[in-house]
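Here the protein sequences line up with chains A and B, keeping their order. Those letters in the first sequence? Residues 1347 to 1957, by the working numbering. Those letters in the second sequence? Residues 2 to 235, by the working numbering.
FYI, nobody ran anything at the bench for these hints, they're computed from the structure. The beta carbon of each residue, even a glycine, is placed where N, CA and C say it ideally should be. Take the hints with a grain of salt, since some may be wrong.
Said to hold, decoys possible - One-sided excerpt, in silico: chain A residues whose CB lies under 7 Å from chain B:
no. : residue
1   : GLY1516
2   : THR1517
3   : ALA1521
4   : GLY1530
5   : LEU1532
6   : GLY1533
7   : VAL1534
8   : MET1538
9   : THR1781
10  : ASP1848
11  : GLY1849
To be verified - Now the in silico label distances, taken between C-beta atoms and shown as ranges:
no. : chain 1 : residue 1 : chain 2 : residue 2 : range
12  : A       : LEU1745   : B       : ARG54     : 47 to 53 Å
13  : A       : PHE1484   : B       : GLU92     : 37 to 43 Å
14  : A       : LYS1635   : B       : MET223    : 45 to 51 Å
Chain by chain, the residues run as shown.
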Amino acid sequence: MLENLLVQGLSGLASASSLFLVASGLTVIFGVTRIVNFAHGSLYMLGAYLAWTLVTGLPRGHLGFWGGVLGAALIVGVVGVLIEVLLLRRIYKAPELFQLLATFGVVLIVQDVALLVWGPQDLLGPRAPGLRGATEVFSVRFPLYELFLISVGPVVLVLLWLLFHRTRWGTLVRAATADREMVGALGVNQRMLFTTVFFLGAFLAGLGGALQLPRESVNLQMDLAVIAEAFVVVVIGGLGSLPGAFLAALLLGQMQAFGILIFPKITLVLAFLVMAVVLVVRPHGLLGKAPSTQHAAGPVEPLLRPSPREVRLLGWGLLALAVAVPPFLGDYALIVLTEIAVMMLFAASLHFIMGPGGMASFGHAAYFGLGAYGAALLVKHFAAPMELGLLAAPFAAGLAGVVFGWFCVRLSGVYAAMLTLAFAQIAWSAAFQWTELTGGDNGVLGVWPSGWASDKLTFYYLALALCTGATLLLRRAIFSPFGYALRAGRDSPLRAEAIGMDGFRIRWFAFVLAAVAAGIAGGVFAYAKGSVFPTYMAIPRSVDALLMVLLGGVQTVSGPIVGALAYTWLHEQLMRLFELWRLFLGGVILALVLFFPQGLAGAIGRRGGRE
Amino acid sequence: MLLDLREVHAHYGRAHILQGVTLSVAPGEVLALLGRNGAGKSTTMKAIMGLVRPSGGEVRFEGTDLAGREPHEIARAGIGYVPEERRIFTELTVAENLSVGRRPPRAGLEPWSEARIFEIFPPLAAMRARAGGRMSGGEQQMLTIGRTLMGNPRLLLLDEPSEGLAPVIVERMADAILRLKREGLTVLLSEQNLHFARIVADRAAVLEKGRIRWEGAMDALMADDAARAEFLAV
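All chains should be modelled from the sequences, with the hints used to inform the complete structure.
Take a look at the structure:
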């Protein structure tokens, strides 16, 4: 028994080491550039794939195992430099969510490129020469390679510490972490500094991936799996803190090693639960510090005004079309239109907290999915009719909004985005792992509308009425005193508090409102599809919503509607026409971020001569 | 002239802060940029340094147009900037702060070293390993000037060097600036403290609403009660 625990503890330490390699790169990059690099997991995956090719593909004795690992890490470092120079350098001043989204575009592109180059099957790597065997640790056999990995973490930590505290480059990096602009005014070329930092971070991620080769198979799911864990590590440790990342990696490695023994059902939830608890107790992580006063003030958000008459007329015209045309359409078109109506409300609900609320949410799919599950579970366990299910949807999502929102609205910026992501992952893993209740990966089937609404056209009208109605109510809230208070709190929190507004409660209420609206969308969606799956709450679904909002433009009221229309149509076309739709979607995201930072509605509005 | 500003304009959003500033600094002189709060003193400094992009006009340093240059290129060309808020790297030690500012020696100038900085600001010598965040305001002011000097500038921009300092420290700061001047450094400083400006400056230029309204010898300004009342009295 004791030996068993020891082995679990040791393998926990080994996982902690590789996790630390990825997380250290992520945290170093964030420290200097303030960019949360979603593509860091992709760099890790690339490291593993490249190492596999270099070690197994080249004639024997050419590079050898260790040469291959190092070579892969170096190539990944160069890939990181390319990403920095071609993409990130142009968006350092953009809002955080844009940067997160841009790096997610890179994730999509790398996924399809890896699929093209290495194929869909898992690849098995060779063992490390010299570390093939096992050794006796307190009379238990333990693989040598695991012991080697355990030592890698502390060694890298020490090397990084020396690099940052004993070299001029390290001093410059630490100075730039505190005040980039001042470092520039002292004659330091920040571009070179950022690029070299990116090289280091990418190199570490690549090394982490390459070193996994003898431990586990290389596959296309490595990227999102490791990035979620690395986010947790970095946030628990404190963004930008290396020792913090090390501590958090140890903590998480142990939790997972022992969690499997104690709570095999909720291992996935456990990591995110710890993160949520840490963030509530220490909002900036174990060893993180509150961000120092930023000297470069952000741009002022443009004033949100009701749309001009022409736009409103156009909107009513579109709605009239949406009512008048469908009787003449086929089933497929009706299904697409129903989906567009749902997505419009989903996007509008996210826009509500992002735009007027000024809160970054990277896990909005949670409320959409909980709405869907709220309805589906009633059907599954109590055979409830549709009317009751549709009522339960916003209720379930709103309840989650009350609980999650209470935590999330206390934080701002990247931390808030991470925490919303964490809650979404908790909801997702509960749906995924709690098979008795939710059916797990198989989902809940047979969620069909009541008899009177089972006809596709009738259901479309029902969806249109519910979704348009809720969207208009959200719009109404934006231009009500509550909406003004929300924006006042966003633009100058201190002044808003000083004139007696309770910023926390206002944001909390907005969060719940958005969750309720997303829940309605999720409930309608469940009945439209007839089934509910955990993917409704997965990261890609949250990204869908973000894309719709950003495509439309955050600081316009009509934006999310335009965005939902454009995105749902685009997505449909891409999936139909291209096998490599991720590659195209990634490309579209990058183009959007680089060329239309105001979104489509913003771009059209600007062309129309408005400011 | 070492530095020439001609009709420089600058905006913050829609606010028109600099409305055509024309100004010259001769080699070896100390020029005080005076004016009330919000007159545009700090913005002038930032426009020279490239931290605020001028929306019109021309900034020339040693005859070269600085338009479109990045702040780090302007610093490398020989302009040293000491910001009003000091902006010490609080996590870094005194020695590390100085090392961030270090640049290669410049032809015709005696290169700055840590030892030479400590000569001018002796209190710093005793706290080489102290974190920048654990220093008093006066010590931070010395460190921020020292840090910029490590870049071996020909022209030093000092934004309100006496602000918020105890009178004893202000006097020490004045001594230091006079000494820098004797060693051949050119200084453009912005000031609200007329007493301080009078000790260190050869010439004065007075800003009001983003334009230079008075220019001349420091002594002449002190003799011109009407000008002082019009542009400086609060």
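If you test the structure against every hint from before, which numbers come out violated? 1, 8, 9, 10 and 11
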